[in-house]
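Visitor: Each residue of the sequence shown is one higher than the one before, starting from 1 at the first, in our numbering.
Think of the hints as simulated: they come from the structure by calculation, not from any bench.
Careful: at least some of the hints might be erroneous.
Claimed, not checked - No more than 25 Å apart at the CA atoms, straight line, and that leaves these computed lysine to aspartate or glutamate pairs for DMTMM-like:
{"id": "1", "residue 1": "Lys315", "residue 2": "Glu296"}
{"id": "2", "residue 1": "Lys335", "residue 2": "Asp318"}
{"id": "3", "residue 1": "Lys64", "residue 2": "Asp137"}
{"id": "4", "residue 1": "Lys64", "residue 2": "Glu48"}
{"id": "5", "residue 1": "Lys239", "residue 2": "Glu348"}
{"id": "6", "residue 1": "Lys315", "residue 2": "Asp341"}
{"id": "7", "residue 1": "Lys335", "residue 2": "Glu322"}
{"id": "8", "residue 1": "Lys239", "residue 2": "Asp213"}
{"id": "9", "residue 1": "Lys335", "residue 2": "Glu92"}
{"id": "10", "residue 1": "Lys64", "residue 2": "Glu79"}
{"id": "11", "residue 1": "Lys315", "residue 2": "Glu328"}
{"id": "12", "residue 1": "Lys335", "residue 2": "Glu348"}
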Amino acid sequence: MARQLDGLVGYIATPVNLPCGLMARLRYLTRTPHARQAARAAGLVVTERTLRLWLGGVRSPSRKNLERIEQAYTTVRRENIARYLTARLNREGRGTRVEIHPLNQSQVDGPRQHVLELRTLNVRRWDRIVAAWAAGDGGELGRVSKVPGGGLWGMLDNPVAAMMSVMDLEPQTDLARHYDSGGWLARFAGRMLVVCPRCGGRALVIPRPGIPDPRYFSELLFQPRRLACGGCGAIDGWKPEVQGAGLVGAVLGGSEDPFFQRPLWLQTRCAGHILWAYNEEHVDELSAYVGARLRERGGARPTMSMFARLPAWMKGSDNRSEVLAGLEILRELAKRTAPADRSDAAHERGDRPRAHRSMYFRGGPYES
Numbered sequence: 001m002a003r004q005l006d007g008l009v010g011y012i013a014t015p016v017n018l019p020c021g022l023m024a025r026l027r028y029l030t031r032t033p034h035a036r037q038a039a040r041a042a043g044l045v046v047t048e049r050t051l052r053l054w055l056g057g058v059r060s061p062s063r064k065n066l067e068r069i070e071q072a073y074t075t076v077r078r079e080n081i082a083r084y085l086t087a088r089l090n091r092e093g094r095g096t097r098v099e100i101h102p103l104n105q106s107q108v109d110g111p112r113q114h115v116l117e118l119r120t121l122n123v124r125r126w127d128r129i130v131a132a133w134a135a136g137d138g139g140e141l142g143r144v145s146k147v148p149g150g151g152l153w154g155m156l157d158n159p160v161a162a163m164m165s166v167m168d169l170e171p172q173t174d175l176a177r178h179y180d181s182g183g184w185l186a187r188f189a190g191r192m193l194v195v196c197p198r199c200g201g202r203a204l205v206i207p208r209p210g211i212p213d214p215r216y217f218s219e220l221l222f223q224p225r226r227l228a229c230g231g232c233g234a235i236d237g238w239k240p241e242v243q244g245a246g247l248v249g250a251v252l253g254g255s256e257d258p259f260f261q262r263p264l265w266l267q268t269r270c271a272g273h274i275l276w277a278y279n280e281e282h283v284d285e286l287s288a289y290v291g292a293r294l295r296e297r298g299g300a301r302p303t304m305s306m307f308a309r310l311p312a313w314m315k316g317s318d319n320r321s322e323v324l325a326g327l328e329i330l331r332e333l334a335k336r337t338a339p340a341d342r343s344d345a346a347h348e349r350g351d352r353p354r355a356h357r358s359m360y361f362r363g364g365p366y367e368s
């Protein structure tokens, strides 16, 4: 839970042991008298002279002080963002959806495996959860999550074999600011909604069951895939091309999925263009960005960011209301599965990006 909440907060991406990362944290902790007091309360107890020497670059903090600075920054940042985060997740009583994903059980003996599936629930009151997270109290955070009748893990038959992710159920159009942490499109490639090649209904493209969980989002482009339709039972498989000791990955982009070249289910016409998304989480992220009045960019490689690569017509303020309306259409399409619900824009278009044949090398032979 704490990791998921941390993911909603725009922390400084540059490490504290680099000069620019250190300066950014020190300025954050010393910008006002209140910030200095909060930093001292968080454990950064040094003299004003030492702070001036650090800020002036005359003296560098020791390793122990670097750890204190990082801890103080994380604590103060959490406290400052807690009120905003609570309002964002509560959303005036509408709450925020939580997805509970089954963990990979491929290394578990057959008799001990549990039949698990993706679960979702809507949490409407986040006050105690965010308060425990902001205070860094892991014990309280665990207790709050297990409140009888209202706990998160109480909704699961086997809470040990699951991991949780938090996402907004609706676009964050009420927020004036959006922070781009530099994440790229591959983070939404784990689950894609596509048009079934047999019945024309909604099918799902996911990594083949039983393979290890990826360590990085980029590994999702090289994992064997399975296409499955719950309507007609159609099933198909995909494996990356093998070249020597490496694998040739799929290329993201365009209105077709990069593995089976099927049209994406989430497509609609918008502002004279085609608006598309891979899944509901992708729609939510786009809504948060488009609806924001102030957009901030971070990360070491901003040009790899999904938002930096969006077309100009999606970023312009003139099209904001139309794009948000289009995203609402995609959100409704995600709830439908029948062939009759298919969007008139969801057909083969041949707009896949040029293949750059990225390679992935493993330490040993690849087992498909």
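Visitor: Does each hint hold? Answer for all of them.
Guide: Do the hints match the structure? See the list:
1. With a C-alpha separation of about 13 Å, the suggested pair Lys315 and Glu296 falls inside the 25 Å cut-off, and the hint holds.
2. In summary, the hint linking Lys335 to Asp318 is not supported, as the alpha carbons are separated by about 29 Å, beyond the 25 Å threshold.
3. Of the pairs offered as hints, the one joining Lys64 and Asp137 holds, with about 22 Å between alpha carbons and a cut-off of 25 Å not exceeded.
4. Only pairs whose Cα atoms come within 25 Å are accepted, and Lys64 paired with Glu48 is accepted, the gap being roughly 18 Å.
5. Between the alpha carbons of Lys239 and Glu348 the distance comes to roughly 22 Å, so the proposed pair stays at or under 25 Å and holds.
6. Taking the CA atoms of Lys315 and Asp341, the gap is about 28 Å. The hint is violated against a cut of 25 Å.
7. Restraint check for Lys335 and Glu322: satisfied, since their Cα atoms lie roughly 21 Å apart, inside the 25 Å limit.
8. For the hint pairing Lys239 with Asp213, the CA-to-CA distance comes to about 16 Å; that is within 25 Å, so the pair holds.
9. Under the criterion of a C-alpha separation no larger than 25 Å, the hint pairing Lys335 with Glu92 is consistent with the structure, at around 23 Å.
10. For the hint linking Lys64 to Glu79, the alpha-carbon distance of about 23 Å falls within 25 Å, and the restraint holds.
11. Distance check on the hinted pair: Lys315 and Glu328 sit about 17 Å apart at the alpha-carbon level, within 25 Å; holds.
12. As the CA atoms of Lys335 and Glu348 are separated by approximately 22 Å, the hinted pair is consistent with the 25 Å bound.
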